[in-house]
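**Q** So the chains spell out like this:
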Amino acid sequence: MIFNWGYSLMQLYSKRLVNIALFELVRLFLTKRGLLAVAVFSICWLIVLRYAIGEAVNLLSSPDFAGFIDQIFGAIGLSKLLTWPEAELAVYWLIALYSFPSFCLFLCADQTVGDRQRGTLRFLSLRATRAEIIFGRYLGQLLILIALLSITLVATLAMLSYREPSLFVAASSHSLILLGYLVVAVMPYIALMGFINTFSRSARLAFIVAILFFAGGKITVGLLTWQFPALEVLNYVFPGYQLADMAAQDAGLMLAVGLPLIQTIILLIAAERIFARSSL
Amino acid sequence: MRTLIKAQSVTKYFGSKLALSNVNFEINKGAPVALVGPNGAGKTTLFSLLCGYVFPSSGELNIMHQQPGNAHLFGKLSALPQDAQLDPGFSIIHQLTFYAQLQGLTKSRAKQESNRVLELVGLSDAVDQRPNDLSHGMRKRATIAQALIGAPQIVLLDEATAGLDPVHAREIRELISTLSNEATFILSSHDLSELERLCGQILHLDQGKLTEHSALSQGTSNQCFVTLRLAQKYEDVEKILFALAGVRNVHNSQAKEYVIEYEKSGEAFDIQLLQCCHQQGWQYQQLVNGNTLENQIFHKQH
Numbered sequence: 001m002i003f004n005w006g007y008s009l010m011q012l013y014s015k016r017l018v019n020i021a022l023f024e025l026v027r028l029f030l031t032k033r034g035l036l037a038v039a040v041f042s043i044c045w046l047i048v049l050r051y052a053i054g055e056a057v058n059l060l061s062s063p064d065f066a067g068f069i070d071q072i073f074g075a076i077g078l079s080k081l082l083t084w085p086e087a088e089l090a091v092y093w094l095i096a097l098y099s100f101p102s103f104c105l106f107l108c109a110d111q112t113v114g115d116r117q118r119g120t121l122r123f124l125s126l127r128a129t130r131a132e133i134i135f136g137r138y139l140g141q142l143l144i145l146i147a148l149l150s151i152t153l154v155a156t157l158a159m160l161s162y163r164e165p166s167l168f169v170a171a172s173s174h175s176l177i178l179l180g181y182l183v184v185a186v187m188p189y190i191a192l193m194g195f196i197n198t199f200s201r202s203a204r205l206a207f208i209v210a211i212l213f214f215a216g217g218k219i220t221v222g223l224l225t226w227q228f229p230a231l232e233v234l235n236y237v238f239p240g241y242q243l244a245d246m247a248a249q250d251a252g253l254m255l256a257v258g259l260p261l262i263q264t265i266i267l268l269i270a271a272e273r274i275f276a277r278s279s280l
Numbered sequence: 001m002r003t004l005i006k007a008q009s010v011t012k013y014f015g016s017k018l019a020l021s022n023v024n025f026e027i028n029k030g031a032p033v034a035l036v037g038p039n040g041a042g043k044t045t046l047f048s049l050l051c052g053y054v055f056p057s058s059g060e061l062n063i064m065h066q067q068p069g070n071a072h073l074f075g076k077l078s079a080l081p082q083d084a085q086l087d088p089g090f091s092i093i094h095q096l097t098f099y100a101q102l103q104g105l106t107k108s109r110a111k112q113e114s115n116r117v118l119e120l121v122g123l124s125d126a127v128d129q130r131p132n133d134l135s136h137g138m139r140k141r142a143t144i145a146q147a148l149i150g151a152p153q154i155v156l157l158d159e160a161t162a163g164l165d166p167v168h169a170r171e172i173r174e175l176i177s178t179l180s181n182e183a184t185f186i187l188s189s190h191d192l193s194e195l196e197r198l199c200g201q202i203l204h205l206d207q208g209k210l211t212e213h214s215a216l217s218q219g220t221s222n223q224c225f226v227t228l229r230l231a232q233k234y235e236d237v238e239k240i241l242f243a244l245a246g247v248r249n250v251h252n253s254q255a256k257e258y259v260i261e262y263e264k265s266g267e268a269f270d271i272q273l274l275q276c277c278h279q280q281g282w283q284y285q286q287l288v289n290g291n292t293l294e295n296q297i298f299h300k301q302h
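In the order they appear, the protein sequences are chains F and U. Taking UniProt numbering, the leading residue of the first sequence gets 1, the next gets one more, and so forth. Taking UniProt numbering, the leading residue of the second sequence gets 1, the next gets one more, and so forth.
For reference, chain F alone in the conformation it holds in the complex (with noise of 0.2 Å):
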């Protein structure tokens, strides 16, 4: 096992690599379809911006409700955003870590189910390897979740900076850590997909797996840990776990940083290892 995962690894050719990563790219930004998705998107995204983000501003900024707002954010572990002077970026850090994850198991539920049950994959494994398949729609997936999350990040600074210029230069650097931690937090999101990619019939079927092993997998675990409390270690499985912690800004480096990447890193191997052995 180990032998035949580090001889795939030694025929990764990081051209081809960035080639499919890039390919997926391009399907996002340049074709019909998917540029429909980027303008619903984006729909979508300038009615939280002016709704939901900029309608909270005004509320957290307002004096009248500075001990209600304080109230409620206390209540629910979140007293810790009040303080940034940047309340768009406090509003957008709490919608996008939470949206974004779930945005990602709809965007990246056809990795490469649609193209195995069309045979295009049969095209492709005669000139990539397929660890190279899996890494680069992985990686692909990814510069597509972090060019999403880069555009609604400058929307949200443009109407920070256009509220109070003198924010721009903090907020900036402050987006940037944020942009980082959102990255890592889609990330195992991305690999879960990917791995229910490799023996889902359909993208459709993926998204419902995915949602299934969310909802019967925590209740699952939850009953557990009512009998055994110790099995309250299996909550580590599933990604997203330090959301909570993340959005009331405790979660430590580990929790945050260290955490996804593990669930990332062993989700991918699962993924290619079962990908090596299917018959395409």
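Hints were generated in silico from the structure; no laboratory data involved. From the three backbone atoms N, C-alpha and C, an ideal C-beta is built for every residue, glycine too. Some clues are possibly wrong.
Simulated coverage check for chain U against chain F, where a stretch passes if three residues somewhere in it have a Cβ under 8 Å from a Cβ of chain F [what the hints assert, rightly or not]: (1) 76-85; (2) 273-282.
Subject to a maximum C-alpha distance of 30 Å in a straight line, what follows is the list of computed DSSO-like cross-link-like pairs (lysine-lysine) [as the list claims (entries may be wrong)]: (3) U/K17 to F/K15; (4) U/K111 to F/K15; (5) U/K17 to U/K6; (6) F/K32 to U/K6; (7) U/K76 to F/K15.
The hints should help you fit chain U onto chain F, whose structure is shown.
**A** Relative to the frame of chain F, chain U by itself:
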């Protein structure tokens, strides 16, 4: 002669179903090789094994001293897998350029190469079209084009001419014939006469078992065959042919077609046969020097 492919005791099961049983063969560099057999005989399974899409249950398969699917075979082995389709989201030139880039060509060189292979299959005017905008035959030709990118040494074509109109099927046959000096083609088709024209070595699969034939079998050194196809039915043909000097056996292989087995001698048997046709007033359509592939396979089965 250089051995390109060597299969030793290859067996493949899909669950409990036996698809290939203890298959052994060697393919050398040179003339196209045909893979024939009825539906479900295991042809596509064998192609899939050679391409590395599926793995043998037992036995060993070597392609230019590598396991199928190995990165060292990229660009050296190409294929037209049966029923595989290009991505409907991109133009065919975009996809072929991408494949050429994966084979190591620069972007500009890859685009040139894609244009070249699309021109070879007569799709120069459709390079910017997406697969769904093309007819079935054009899509097939586009997938044949992807198999010709670069300079492959082995090209596997599974039912390459199925679904093509006669003109384009003929063009593809001519293309294979022209390119067979540069690459060794392995073809599967149900059109036996097509394979007979193109191929030397014939691999016949039936119920997962493999036998080898040559395109036009001439039997042993002193046992020869000719296949005579007449224009219409005539009386006592078998009896008259059997009376010719040197004839050992006459078999009515199918309607108006006779396989004549004869003993080699100093006299030219084909001349004697044509004279007989002339004397009897028989019109003939075709005289084949040997036993046709169709008859070889048919006789083996029945």
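**Q** Now tell me if each hint is right for this structure.
**A** Each hint tested on the structure:
1. 76-85: Since three or more residues must qualify, the claim that chain F covers the stretch 76-85 of chain U holds, with 7 doing so at under 8 Å.
2. 273-282: violated (count 0)
3. U/K17 to F/K15: Answer violated: U/K17 to F/K15 is near 40 Å, above 30 Å.
4. U/K111 to F/K15: Given pair U/K111, F/K15 holds - Cα atoms ~17 Å apart, limit 30 Å.
5. U/K17 to U/K6: holds (24 Å)
6. F/K32 to U/K6: violated (46 Å)
7. U/K76 to F/K15: Satisfied, since the Cα-Cα distance of roughly 18 Å is no more than 30 Å.
Violated hints for the displayed structure, listed by number in ascending order: 2, 3 and 6.
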